[in-house]
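This note's numbering puts the first residue of the sequence shown at 1, with every later residue one more than the last.
The set of hints was computed from the structure by calculation and includes no laboratory data.
Beta carbons are placed, not taken as given, at the ideal position from N, Cα and C, and that holds for glycine.
Treat each hint with caution, since some may be false.
Quick list of simulated restraints, FRET-style, between CB atoms [what the hints assert, rightly or not]:
(1) T137 - A28: 48 to 58 Å
(2) L22 - A89: 45 to 55 Å
(3) F133 - W54: 35 to 45 Å
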Amino acid sequence: TGQGIAHLDINAGILVDKVGILGPNLAAEGVGPIAMGQARLQYVANVNYTVPWWPAASLDLTAVHYSTAPASVDNRVYAPAGTLLHLGARYAFTVFGKNSTLRVQIRNALDYETWQTTNTPGDLPFAGPRAVFAYVTTDF
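Based on the provided sequences and hints, a complete structural model is requested.
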């Protein structure tokens, strides 16, 4: 189909669902109807912009969102919703004739502090403080 806007690529993925638990008399056993740690809405959206006057360089923004999710088996405690933003840049070049890329990224750019229900059920990792990553990759 092609790009709608020159030098701009947009990608998004959305997961919307309810992961339920079925069984006899769950409430009496202290088990809620929704699986622990399962957000009903999750999305990842990425915008990548190639700099027209410097095509070896690009800038990107990624948003990762999780809605509220049960943080206890009985569903009485919920982890809050959260959105992380990552800002990045790439620069393509050659090293000894091999294609290479310098990547710099600020993860959690807004320094959002919360526990998230990723990689669950039952895992509530801290999103982590703002961090800067830089690395080079090279094709062999």
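### Task
Just pull the numbers of the violated hints for me, sorted ascending.
3
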